[in-house]
Amino acid sequence: MQEELSHRERKKVRTRRALVDAALRLFDQQGYERTTVAEIAAAADVSTKTFFNYFRAKDDVLFADTEDRMRMALAVIADRHPDEGVADVLIRLAERSVAWVASPEAGMTLELAPIRTRLILHVPTLQARALHVSYEAQRELAEALHKAFPERLDEIMAASAVAAFFGAAQAPVLLTLQRGDPLDEVWAAARRGLQIAIAGVRATIDAPTKN
1 MQEELSHRER KKVRTRRALV DAALRLFDQQ GYERTTVAEI AAAADVSTKT FFNYFRAKDD
61 VLFADTEDRM RMALAVIADR HPDEGVADVL IRLAERSVAW VASPEAGMTL ELAPIRTRLI
121 LHVPTLQARA LHVSYEAQRE LAEALHKAFP ERLDEIMAAS AVAAFFGAAQ APVLLTLQRG
181 DPLDEVWAAA RRGLQIAIAG VRATIDAPTK N
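Numbering (UniProt numbering), first residue to last: 1 to 211.
Hints were generated in silico from the structure; no laboratory data involved. Don't take every hint at face value.
When the alpha-carbon atoms are kept at most 25 Å apart in a straight line, the in silico DMTMM-like pairs for lysine to aspartate or glutamate are as follows [claimed, not checked]: (1) K58 <-> E95; (2) K11 <-> D68; (3) K58 <-> D68; (4) K147 <-> E84; (5) K11 <-> D21; (6) K49 <-> D21; (7) K12 <-> D45; (8) K12 <-> D60; (9) K49 <-> D65; (10) K49 <-> E67; (11) K12 <-> E39; (12) K58 <-> D28; (13) K58 <-> E33; (14) K49 <-> E9; (15) K58 <-> D79; (16) K12 <-> E84; (17) K49 <-> D59; (18) K147 <-> E67; (19) K147 <-> E136; (20) K147 <-> D68; (21) K49 <-> D28; (22) K11 <-> D60; (23) K147 <-> E95.
Quick list of the computed label-pair ranges, beta carbon to beta carbon [said to hold, decoys possible]: (24) D88 <-> K49: 45 to 53 Å; (25) V98 <-> Q138: 14 to 22 Å; (26) S47 <-> R25: 43 to 51 Å; (27) E9 <-> D45: 13 to 21 Å; (28) A38 <-> H132: 20 to 28 Å; (29) R10 <-> E143: 32 to 40 Å.
Think of the CB as a built atom: it goes at the ideal place given N, C-alpha and C, for glycine as much as any other residue.
Just need the whole structure built from these sequences, with the hints factored in.
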């Protein structure tokens, strides 16, 4: 029974990934607004009904793994070791996030991620959705970080640390993708940005507690 369940779950993951990949390729080829759900389903070799078993609407495809990634991030913070500082936890979160992008759990293949970014930058409805998703993610992570370090971080400090962490990764990624840089340079830029943010957290939050 367990093997059957595992097979079923793997099939669901493959179908979900096929729908995401098909949608992104079609969005890239013919535009987001012009692409229909029926076309996405046909390109993934499934029925339109199957599409709606996985997504409520076509814009959901671009945020396919938002909830799973948030659960992962919150688990990393909740798993804080007693001797870890804030910077240490954020480093673990960064490492886990990078590993996630290349894992089967990710909502889309690594090669198609730049297409999603371009769409979000140029389609107003997707841009608004992305801003909302980012705001909610930062809010939840700040609450979790404050809970993990109640004596070290107040709510403002926790929110600031999370905002610095997000911005340090997102800004270089957006810049390099807009320039058309190859993926290895995109990730290198993200790591450099995160290093700057982590150094700031160490200097302003963790350092005073170790003196």
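Hints and how they fare:
no.	hint	in the structure
1	K58 <-> E95	violated (30 Å)
2	K11 <-> D68	holds (17 Å)
3	K58 <-> D68	holds (18 Å)
4	K147 <-> E84	holds (14 Å)
5	K11 <-> D21	holds (15 Å)
6	K49 <-> D21	holds (18 Å)
7	K12 <-> D45	holds (14 Å)
8	K12 <-> D60	holds (16 Å)
9	K49 <-> D65	holds (20 Å)
10	K49 <-> E67	holds (22 Å)
11	K12 <-> E39	holds (20 Å)
12	K58 <-> D28	holds (14 Å)
13	K58 <-> E33	holds (10 Å)
14	K49 <-> E9	holds (18 Å)
15	K58 <-> D79	violated (35 Å)
16	K12 <-> E84	violated (37 Å)
17	K49 <-> D59	holds (16 Å)
18	K147 <-> E67	holds (20 Å)
19	K147 <-> E136	holds (17 Å)
20	K147 <-> D68	holds (21 Å)
21	K49 <-> D28	holds (23 Å)
22	K11 <-> D60	holds (20 Å)
23	K147 <-> E95	holds (21 Å)
24	D88 <-> K49: 45 to 53 Å	holds (47 Å)
25	V98 <-> Q138: 14 to 22 Å	holds (19 Å)
26	S47 <-> R25: 43 to 51 Å	violated (19 Å)
27	E9 <-> D45: 13 to 21 Å	holds (20 Å)
28	A38 <-> H132: 20 to 28 Å	holds (27 Å)
29	R10 <-> E143: 32 to 40 Å	holds (34 Å)
Comparing the model with each numbered hint stated earlier shows that hints 1, 15, 16 and 26 do not hold.
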